[in-house]
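Novice: Each chain is listed here by its residues.
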Amino acid sequence: GSPQDTATGGGDSAAPVKVGLVYSQSGALASYGKQYIEGFKAGLDFATKGTGKVGDRKIELTEVDDAGDPAKAVSAAKDLIGKGTKIIAGSTASGVALQVAPIAAQNKVLFISGPAATDAVTGANKYTFRSGRQSYQDVVTAKSFIGDPAGKKVVVFAQDGAFGDANEAAVKAVIGGAGATVSSVRAPASATEFTPFASQIKTAKPDLLFVAWAGTTAPAMWQTLDQQGVLASTTVVTGLDIRASWPTFGAAGTKISFLSHYFDGASDTEASKALKATVNTIDLFHPDGFAAAQMVVRAAQEGGDDVDKMVTALEGWSFDGVKGKMTIRAADHALLQPMFQAKLAGSGTAFTATAQKSLTGDETAPPAVAMKG
Amino acid sequence: MGTVILLALTGLGLAALYFLVASGLSLVFGLADVLNFAHGLFLGVGAYGTWWAAGNLPGAGPDGFGFVLAVAFGVAAGTLVAILVELVLIRPLYSRTIEQVLVTVGLSLAGVALLQATWGADARPFPRPDWTRQVTGILGAQVPNGGLLLIIAAVLVLGAILAFLRWTRYGLVIRAGVENREMVTALGIDVRKAFTLVFAIGGAAAALAGALGGVYFGTVSPGQGSSLLIFAFIVVVIGGMGSVVGSAYAAVVVGLVQQFVNYYGTSGLGDICVVGLLAVVLLLRPQGIAGKVATA
Amino acid sequence: MTVIDAPPAQVPDELTPQRGRWHRVRPFLPLVALVVLAILPYSTISLPGIFEGPVNSPGTLQILAICLIFGGLAAGYDLLFGRTGMLSFGHALYFAAGVYGTDILVTRAGLPLWQAALLTVTGGTILAALLGAVALRTVGIAFAMVTLAFAQVGAILVARDFGGLTGGEEGLPLDVSGLPAGLVGVTNTVNLYWLALAYLTLVVFVVHRVSGSPTGRVLAGLRDDERRIGVLGLDPYRYKLVAFTLAGGLASAGGVVYVLIVGGASPHITSSELTLSLLVMVVLGGPGTRWGPVLGGVLYMYLDHRLTAFGTSDAVDSLPAVLSHPLSQPLFVLGTVFILAVYFFPGGLAGLAPRVAHLTRSLRPRPRP
Amino acid sequence: MEPVLSVEDLSVRISGLHILQGVSFTVAPTGVTVLLGRNGVGKTTTLRAILGLTPPAGEVRGTIRMGAQSLLSQPTHRLVRGGLGYVPEDRDVFAGLTVAENLRLAERRGTSPAYDKVFALFPELDRRGRQRAGSLSGGQQQMLAIGRVLLNDNRLLLVDEPTKGLAPKVVTEVAEVLERVAESVPVLLVEQNLAVVRRLARDAVVLAAGKVAWTGDAHELLLETALTKSLLGVGSAEVKH
Amino acid sequence: MLATRGLTWRIGEVAIVDSVYLDLEPGEFLGVIGPNGAGKTSLFNLITGLRRATEGRITLDGQDIGALPPHRRARLGLGRTFQASSVFGSLSVRENVRLAVQAHRGGSMALWRRAAADREVAAAADAALDRVGLAHRGTALAGTLAHGEKRKLEIALLLAGEPRVMLLDEPMAGVSAEDIPELVAVIKSLTGDSGRAVLMVEHHMDVILELADRIAVMHHGALLACDTPETVMANPTVQEAYLGESL
Ligand SMILES: Nc1ncnc2c1ncn2[C@@H]1O[C@H](COP(=O)(O)OP(=O)(O)OP(=O)(O)O)[C@@H](O)[C@H]1O
Ligand SMILES: Nc1ncnc2c1ncn2[C@@H]1O[C@H](COP(=O)(O)OP(=O)(O)OP(=O)(O)O)[C@@H](O)[C@H]1O
Ligand SMILES: [Mg+2]
Ligand SMILES: [Mg+2]
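As they're listed, the protein sequences go chains P, S, L, X and R.
According to our numbering, the first sequence is numbered sequentially starting from 29.
According to our numbering, the second sequence is numbered sequentially starting from 18.
According to our numbering, the third sequence is numbered sequentially starting from 138.
According to our numbering, the fourth sequence is numbered sequentially starting from 178.
According to our numbering, the fifth sequence is numbered sequentially starting from 279.
Extracted from the complex, chain P is given alone in its bound form (with noise of 0.2 Å):
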């Protein structure tokens, strides 16, 4: 054999769909990506009606666990390029996503990303797209919570790094540019004691605090927030994660004014319903998968297999997903999709969410990006 030969994807029409489905199945972010997986399998069921198939051709699955690795996330993209599949998905971390975009140009196939909330995937290349929500889209929802912008005092705590980076810039052009005086207290993603950033943000008496953290030690910051009299003091925001998480907030939760993704309730579509069916419980990344079915699904349907065709089929498209109206904007695919406001009530380990409103796709569309690739 050549060392350059790749399988080449069988033209003819009886020939399964290869869709290569790339997420962490174990790793950090293991729960991340069984909601995915979740979802993606109720959606494509909803989108073929049942049959897995697309026409005639059968939609082929082919799942790899990256581990949250992107190196593992690239070898099993080339792997499955070298197979004959024209479309991936999946994507549970940033840095799989940011990393397994360029693959996806330089082979001209298509990438669908999953949880990976990077503003950075949006306008990545003409090749890839997401089915999640991103961080810009949080950050317009926060502002929501604080009515007229102008001449209040917004704080930032984030974490160090790029995706506190990220959220610091969002909220600085969101809510600043809209009037606000914003300003950050950052702490290092390893903190295990936040006495002294609660101090900071104490003394600045913010009339808005945004906190943008992930990780184990939420926890233990919610509960320093709160004995440290932050959480009394002034409207603090943040993004409502998984639900296994909920009761982690302890007390501290019912002091939270939180934006969200989506829980389980925030929407009442013909999706949502067919969702909960299969998985009883929507939770914050079951919406992802099923969004990344229903694309493939219209890429397979439109394109056949013709990657560009499928990227024409995409750009533009509207359709109702789980949370509501969903539309890739075709400049830089953008998945503009509502996004709520949500209260959590409860104690012990039982808690509920309630949706407080509910903003539309383009109340919170992010800024348009040239596409870079």
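Treat the hints loosely; a few may be bogus.
[Stated by the list, open to error] Derived contacts from chain S toward chain L, CB cut-off under 10 Å, selection only: (1) L52; (2) E116; (3) S125; (4) L126; (5) L165; (6) I251; (7) V254; (8) G293; (9) L295; (10) L299; (11) R302.
The set of hints was computed from the structure by calculation and includes no laboratory data.
For each residue, glycine too, the CB sits at the ideal point set by N, CA and C.
Assemble the complex: chain P is given as a structure, and chains S, L, X and R with the ligands must be docked to it using the hints.
Specialist: What follows is chains S, L, X and R with the ligands alone, placed relative to chain P:
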């Protein structure tokens, strides 16, 4: 003033947590000469043991005596695992330092993965008495009770370990055994027992750290132990391997430096300072602060 | 007290000429292996269960390339650890310097690859020389910890994303637009494979030559007794620094190749776990032996990559939950493999060959007296 | 008289090397039995095999008995507690511990350690109680190693080159000590200093190339010039001084 | 050629080596005796630089070497053996000696030349091994040698370095009676040629008396006497403190 006191006391709380992790590490490392990368596993077992007991063990619970019982169960579980690890895995490998590294690294990977396989990757809320969530006003500072609890526990553990090393013959046997196991046996002493005991004590201290760390963090997750471990290692090394008192000093220094630099400097500087401190201490005094191996 | 002894005594093979039936053929075996590896991509053999696709498929070549890189890295690390007795916990730093250096110079500064690579390797070597000059003022476990501290600072700098250079925890995808076309795209994975093979060959050759050189002899002596080396009239510090710098340079070269293969940098590679894995690879293979570290590195990376597939395979899924849950955790299997390896292959994979030889010898019927 | 220790057909292989090949001898219940031989014949290996200290890579065959009790396959610490004292060749004091701690470690449970006896022999050890054993001079370490076993009552002492590196005066002293010790406890002694051998030994066992080359009365051996020449390679002139 | 002037090493208040004045002439053989713990090994450590003196000077050919690290002193021609054998345990006997020869030839930093190919080094190493009678053990790992063999290897390492001043710390300790004459002959042959000076600590009095031109007696860190063997042996203090009654 209030801020300084708050930072100092919370810093000490952090120091206490580091010390609890480091003390066991230091014993095992300094006395048994085992570079135990699986120490984080003992921590995890202690934390999950407590968590499990509070929910399932009759009589145990998140409050009052039930909580004490739960913690005792967690500590017992951690100790038991440590003993098993020593008996089954480490015992055949004494004086083969490098292979110990392989085994303990393997153990830490496998152990954490096992915890994750059993209870999932997500953090679970940790059972704890309500008063640990409250604060106590000290000179105008609102000091979290969880931190104070850690400080008290650390002082008790320090005292207990010192007493053990000073008043029993085991300290001596272990120190001699590190140098030359064969010769200790040739003096008629069953050196293996002493080493198992060191592991048991190290495991118990780690498990206690895990349980109280759970109280402090409010959650328990599989990776918690490993993330604390790196600072614990730094504390052990700054303090001088095998010196429990040295570890105590070092923990205090590290905790306070982190806390104050994080407040008055820019974020992340605290960590860099601690790491810098480690480098400077070692370059000036390669044997660590306490400087003598295996002293009480 | 010695916390870290020199690794188990192994005579560097380079210093003791081999005897035996095979001694004429032996020098050529590596060459044969190299040729086989080089023409491997022309084969379409499938090894079901071992690789997903045929040997020449991009996915397989990609995994092989990564394995080869780590084989080379482990061999380079062994120059420090197995052959000189220096336990560095910060070796990942120089590898990461290679990865991030190249990535930043290509992606952020837009330099052509060859310039970026040259600058990076030079920079990585200088970095190793500078930090080594400081760290080598200590010995033993203190040395390990100082190197760990340096690496930790590196990790913090990367994670904090200073000046937006590193991309923080999200990493930095490599901008391939300025790269030679032969290195881009799935169909060209084979070129990356050859590049990795070239790197491995280079490292093994360098380490082998150096170990067999007069300097290598001094390094072996240092491992046993540093004081003695001083009394013989040699400056231990200088020799250790040479080894440290050389190993650092080799690691950063590995970083250059790795970033091309993976197509980006991510903060995983700055973590102290990576150094620890290098150590594990070397011990797994057999410190101070010629092929042990290479085999250890290849095996480690192979398991690391393939166990994720093993965990999700049907065979595992069909097991009862008590077994299938842990087995579907790749790290559980990996950790267990290390532990078993210590008891079943003491002395590492390299220790296996003499043991097998011994076995066959003792099985052969002996003439009666 | 029943021998206190009997070694029969002892073979030791270490990583393929056949170091001892069928060594047999007995140790008399009183006095000093000396084990002689050139460097590398396996004297130390013999003592260590008796104590069960052969390295893990090694393989021991044969029988070793103390009275009716078989020693092979018993853990070392149990043998020692049963009354087998060992003074190793390289002293092997615990360098990181103080002299006092080294001695304290050697105390055996359930017996009262004879400190006065040890300090009477080596007053140096009393004076240097707080010094780290690693910083003792070579000779002082040797005193510590001997003092350590004398703390306890033993049924048999295994002593490996106790006078190595000692000043002539101390050699004489150690010889006297061993002489006195041997009055109550039998000693199996490895020794290169023939003057010491001449003074102490009652029986001798000579090893050559891993085998027993000669056993018998020590004085007989030392008097027979031809015998010493062929077994130990020294003329009687050297034996004399 | 080697001289110490008021050489002192204190730990805390205790002087381990106490104001030692020694002169070693080219070609001279100076024996050092003294009770255990007198400070003989410590004196060697000070001279070779493993320990730093607290007071006093050490000169070699008039040059003050007191501040140099051990390896610089070795390069100037100081060689020593250790009381407790310290050889490179994981290298073969032959490699041990080759390493010493190589160190002597200027400590090559060559990374690319094949060490084994250096015939001169190999020849010099084999010669040194031959001289101490270890040639047949060339391929054995030094760590597995019996005690006496290690002593011989120590001397071979020293020989390989062709030092001008040799410090021998109890070379005969543990060497079997048979081999002592042989080793004595080796050591004797060292001094005969080229004005090499030897400083030797030894407790075997017969060996000292056979070899030494002068004998230095140390006691409690201080130099008690330094004179011809006859005078020293007749000294009643030496008799009393060191020799004791003969066996
Ligand atoms: N662990 C080991 N591995 C390999 N060979 C060994 C080992 N221990 C001892 N030997 C070999 O066994 C032989 C006998 O050694 P042993 O130490 O018993 O000799 P010895 O009679 O005590 O000599 P000496 O008088 O020098 O102390 C030597 O050739 C030595 O090299
Ligand atoms: N680091 C140290 N700390 C304290 N005392 C020390 C140290 N090093 C040596 N000494 C003491 O200094 C004295 C001299 O020791 P040294 O080793 O020089 O003796 P020596 O003359 O070589 O004796 P030997 O003939 O027994 O070998 C001894 O009493 C020893 O205990
Ligand atoms: Mg011996
Ligand atoms: Mg001495």
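Novice: Now tell me, hint by hint, if it's right for this structure.
Specialist: The hints, checked one at a time:
1. Taken as an interface hint, L52 of chain S checks out: its beta carbon lies about 7 Å from the nearest beta carbon of chain L, inside 10 Å.
2. Interface restraint check: E116 of chain S against chain L, minimum CB-CB distance 5 Å, threshold 10 Å, status holds.
3. A cut of 10 Å between beta carbons decides the hint on S125 of chain S: the least distance to chain L is about 7 Å, and the hint holds.
4. A hinted interface residue such as L126 of chain S counts as satisfied when its beta carbon comes closer than 10 Å to some beta carbon of chain L; here the least separation is about 3 Å, so the hint holds.
5. The restraint placing L165 of chain S at the interface with chain L is violated, with a minimum CB-CB distance near 30 Å, outside the 10 Å limit.
6. Nearest Cβ of chain L to the Cβ of I251 of chain S: about 8 Å, under the 10 Å cut. The hint holds.
7. Checking V254 of chain S against chain L: minimum C-beta separation of about 5 Å stays under 10 Å; hint holds.
8. A hinted interface residue such as G293 of chain S counts as satisfied when its beta carbon comes closer than 10 Å to some beta carbon of chain L; here the least separation is about 7 Å, so the hint holds.
9. With a least beta-carbon distance of about 5 Å to chain L, the hint placing L295 of chain S at the interface is held under the 10 Å criterion.
10. Below 10 Å, beta-carbon pairs count as interface contacts, and L299 of chain S has one with chain L at about 5 Å; its hint therefore holds.
11. Proximity of R302 of chain S to chain L holds as hinted, the smallest CB-CB distance being about 9 Å (cut-off 10 Å).
Comparing the model with each earlier hint shows a violation of hint 5 alone; every other hint is respected.
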